[in-house]
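Peer 1: Fit chain B to the supplied structure of chain A, relying on the hints for placement.
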Amino acid sequence: MSPKIGVYICHCGTNIAGKVAIDEVVEFAKKLPNVVMVRDYKFMCSEPGQNLIKDDIKKEKLDRVVVASCSPLMHEKTFRTACETAGLNKYLLHMANIREHCSWVTEENASATEKAKALLRGAVAKAALLEPLEKKEVKIHPHVMVIGGGIAGIQAALDIADSGRKVYLVEKEPSIGGHMSQFDKTFPTLDCAACILTPKMVQVGQHPNIELLSYSEVEKLDGYVGNFKATVRMKSRYVNEEKCTGCGDCWNKCPAWRVEKPKGDKKVVHDALTLGPPKAIYMPTLQAIPAVPVIDKESCIYFKNGKCQICVKSCPTGAVDHKMVDVVREIEVGSIIVATGYKLFDVTKMPQYGYGRYPNVLTGLEFEHLNCASGPTGGAVLMENGQPPKSIAILHCIGSRDKNYHEYCSRVCCMYALKFAHLVKEKTGAEVYDFYIDMRSFGKGFEEFYNRLLEEGVRFIRGKAAQISNEAIYPEEEGKLIVRCDDTLLGRVRRVPVDMVVLCSAIEATGDSQDMSRLLGLCHSKDGFFAEKHPKLAPVSTATDGIFIAGCCQSPKDIPDTVAQASGAAAQAMMLAARGAIEVESATALIDEDRCTGCRICNDLCPYHAIDFIADDKLSKVNEALCKGCGTCVAACPCSAIAARQFNDAQVLAEIEGVLQ
Amino acid sequence: MFEPKILGIFCNWCSYTGADLAGTARIKYAPNVRIVRVMCSGRVDNNFVLKAFQEGADGVLVAGCHPGDCHYIEGNYKTMGRVPILKEMLKQFGIEPERFRLEWISASEGDRVAEVINSMTEQVRKLGPLNWKSTTDTKDFSHVR
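If you're matching them up, the sequences are chains A and B in order. The first sequence begins at 1 in the numbering used here and counts up by one. The second sequence begins at 1001 in the numbering used here and counts up by one.
Keep in mind the hints are simulated off the structure, nothing from the lab. Treat the hints with caution; some may be incorrect.
[Said to hold, decoys possible] Straight-line C-alpha distance at most 30 Å; calculated BS3-like pairs for lysine-lysine:
hint	chain 1	residue 1	chain 2	residue 2
1	A	Lys4	A	Lys139
2	A	Lys403	B	Lys1028
3	A	Lys77	B	Lys1028
4	B	Lys1133	A	Lys31
5	A	Lys90	A	Lys54
6	A	Lys235	A	Lys313
7	A	Lys261	A	Lys229
8	A	Lys235	A	Lys135
9	B	Lys1091	A	Lys31
10	B	Lys1028	A	Lys42
11	A	Lys526	A	Lys557
12	A	Lys90	A	Lys533
13	A	Lys480	A	Lys349
14	A	Lys30	B	Lys1087
15	B	Lys1133	A	Lys536
16	A	Lys343	A	Lys297
17	B	Lys1133	A	Lys533
18	A	Lys526	B	Lys1133
19	B	Lys1091	A	Lys30
20	A	Lys235	A	Lys261
21	A	Lys235	A	Lys172
Note that this is a predicted model, so its numbers are computed, not measured.
Isolated chain A (complex conformation) (with noise of 0.2 Å):
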């Protein structure tokens, strides 16, 4: 008998109608074989739209549904769901993509009319030789991987660890804390960053649900949705984590430093701009979780010549153990949710600001450990040579919004900047110059924040500045470094004397997102960060399932943002896990054992090692659990063994054919 199709074309208001003669694709499909039905509707992802189709399923008694409106990666599900409710098996449903591939790409209707004609030509020859699948079911481990142990991976991890499921932190660096532990204070609001971050720090570390894995990198990740077998390596601290009790004794005693040692009586050596003590054994922050030290194997004696060992020594519980060796784990878990976080824009691929040049040139975040109060100062606002500065200059936008670095906006600079100003005004009186291109404050209680700080006589101007220099031209500007900028309002090139400078260096992702989209199967923007499943829809699902995003590894963004970005993908991954059990993908491959001649090169094609030869039987046998579906083994298969469901030979060539003609 042959098959009863019926075609359903979307105007999309006027996103497909716009350009495509939709009455000319109607008749076009009405003398189209096996179709029997053809409607077109203003929306037919609607409910009146869906309706159609069911209806007609219903009462045509229809076998095959072709939906032409937009991609079917965007609406293909709807569809399977309204064909499933109407008793017709969901894999009978086939899209012809009119609008993301047609009529918003194409320049002429008439040409968007042909092309719209031949795509549904071939989803109709396809649709006629589509058979049903059966449901497949998988199971949804209930524990849950948050990588990244900053703001956003903390919220996360609470989270999910509050609704009573477990939960294993898994951050790169001794402590968890990211960025945010490293603030002085928080804008608009100007809470202290440490007041509102450590105790939810201390939660992550008394958590009876969170196991924190510090230290530790992800190597390898395996499985699919409901079923990820991570594998991590738990970097070697050389100080046992059971045993330490953070007191201090180690970091006070050793001897060798991990950053340069400050000469003389100078105060402040900007080139030591660290938190947490200088020492080759050390803590990232005193406020560290877990309050453990680590050995910094570039500058500790004892890895250098066998000798020293005075951390040793000096430890009261003998925590300290330079023998220990990194501990591989394999996690099994149910979700991912990443959250690595970003890192600044290397401002030295600048060298007309003079960073490394000039120590009175310091980046944000170095600002911000001379502002913080266990920083290397105490959180006094003080010079190279130790003398309180009396001109600051910011300068915005530093490797952001240019086309030469970074196109983007990142976003937080503006607020920032404009914190700095308000912390130098309050702690030194200093005059501050602040060179903006445009002030973006945007955010709940931003605008007004920038209202606060012209009142305080903040000096405000607008225009990138290009260069910093020590070059004096007039007796004013001797021994002071030289913003030269053009003000865009004033319309002229003016020279700025200050003592000191912050560059707002961009926000960019970190150097191994790369790396790690690789090993977790996401797909990155160009720019490095991590892509999100829809930009407006779906911000922190990504192409694979079972693995979610939040905070600054998906975009630049502050930390509200970061913090409810990460408490929507701690509900995401506990929906995942309180369902239960999840569908998944039917399409898997099929092995014709009457044509199977048991040559086994499928066998070390399929990458998931899905394909296993049966010796007695002298054939091989697909394994559906781990069958993925690519095809990879059905396009090598010398015989025509392996079908590939909903893409087979047929239905495939069917289509090509189709479009074609």
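Peer 2: Below, chain B without anything else, positioned relative to chain A:
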């Protein structure tokens, strides 16, 4: 002007999504390429390409994830391995190998979709019509792998 008919076979995860992105971004490109979706470029049987030429295509464009980015780990490497054989076959059939192209397009490269399709269309336009269909009507290629 000669308007070539070109078949595109795009992998679901990178290239098809990239073409969707070109649409979302309203990037205009030549209407000559008709895209058929497969899950992985590794699914592309050389037979598909020959069939396309037989069915009247003047060119075939296969696109998959960038090397190392394959959603199925290494399907695109298998495709890469098959292409030299395919090009050799095309030559033996008297088809210019330039009528076939394998490209890597990621999900974020909507602009590249337009670039590749435009340049492919130009390339095939210069080669002119293939008209292989009329000469091969009686031939069966299902055994060719």
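Peer 1: Now tell me if each hint is right for this structure.
Peer 2: We went through each hint and held it up to the structure:
At roughly 36 Å between alpha-carbon atoms, lysine 4 (chain A) and lysine 139 (chain A) are farther apart than 30 Å, so this suggested pair is violated. A threshold of 30 Å between alpha carbons decides the hint, and for lysine 403 (chain A) with lysine 1028 (chain B) the separation of about 23 Å falls inside it, so the pair holds. Taking the CA atoms of lysine 77 (chain A) and lysine 1028 (chain B), the gap is near 27 Å; set against the 30 Å cutoff, the hint holds. For the suggested pair lysine 1133 (chain B) and lysine 31 (chain A), the alpha carbons sit about 23 Å apart, so the restraint of at most 30 Å is met.
Straight-line distance between C-alpha atoms of lysine 90 (chain A) and lysine 54 (chain A) comes to about 12 Å, which keeps the hinted pair within the 30 Å bound. Restraint check for lysine 235 (chain A) and lysine 313 (chain A): satisfied, since their Cα atoms lie roughly 23 Å apart, inside the 30 Å limit. At roughly 44 Å between alpha-carbon atoms, lysine 261 (chain A) and lysine 229 (chain A) are farther apart than 30 Å, so this suggested pair is violated. For the proposed pair lysine 235 (chain A) and lysine 135 (chain A), the alpha carbon gap of about 43 Å is over 30 Å, so the pair is violated.
Note on lysine 1091 (chain B) and lysine 31 (chain A): the hinted pairing is violated, with a Cα-Cα distance of about 38 Å set against a maximum of 30 Å. For the given pair, lysine 1028 (chain B) sits about 24 Å from lysine 42 (chain A) by alpha-carbon distance, which is consistent with the 30 Å threshold. Simply put, lysine 526 (chain A) and lysine 557 (chain A) have alpha-carbon atoms about 18 Å apart, close enough for the 30 Å limit, and the pair holds. Under the criterion of a C-alpha separation no larger than 30 Å, the hint pairing lysine 90 (chain A) with lysine 533 (chain A) is consistent with the structure, at around 23 Å.
Of the supplied pair hints, the one linking lysine 480 (chain A) and lysine 349 (chain A) holds, its CA atoms being roughly 23 Å apart against a limit of 30 Å. Distance check on the hinted pair: lysine 30 (chain A) and lysine 1087 (chain B) sit about 39 Å apart at the alpha-carbon level, beyond 30 Å; violated. Restraint check for lysine 1133 (chain B) and lysine 536 (chain A): not satisfied, since their Cα atoms lie roughly 45 Å apart, outside the 30 Å limit. This hinted pair checks out: lysine 343 (chain A) and lysine 297 (chain A) have alpha carbons roughly 23 Å apart, not beyond 30 Å.
As the CA atoms of lysine 1133 (chain B) and lysine 533 (chain A) are separated by approximately 41 Å, the hinted pair breaks the 30 Å bound. At most 30 Å may separate the alpha-carbon atoms for a hinted pair to count; lysine 526 (chain A) and lysine 1133 (chain B) exceed this at roughly 41 Å. Between lysine 1091 (chain B) and lysine 30 (chain A) the CA atoms are separated by roughly 40 Å; this puts the pair beyond 30 Å, and the hint is violated. Annotation: proposed proximity of lysine 235 (chain A) to lysine 261 (chain A) holds, straight-line Cα distance about 27 Å (limit 30 Å).
Between lysine 235 (chain A) and lysine 172 (chain A), the direct Cα distance comes to roughly 9 Å. Compliance with the 30 Å bound is thereby established for this hinted pair.
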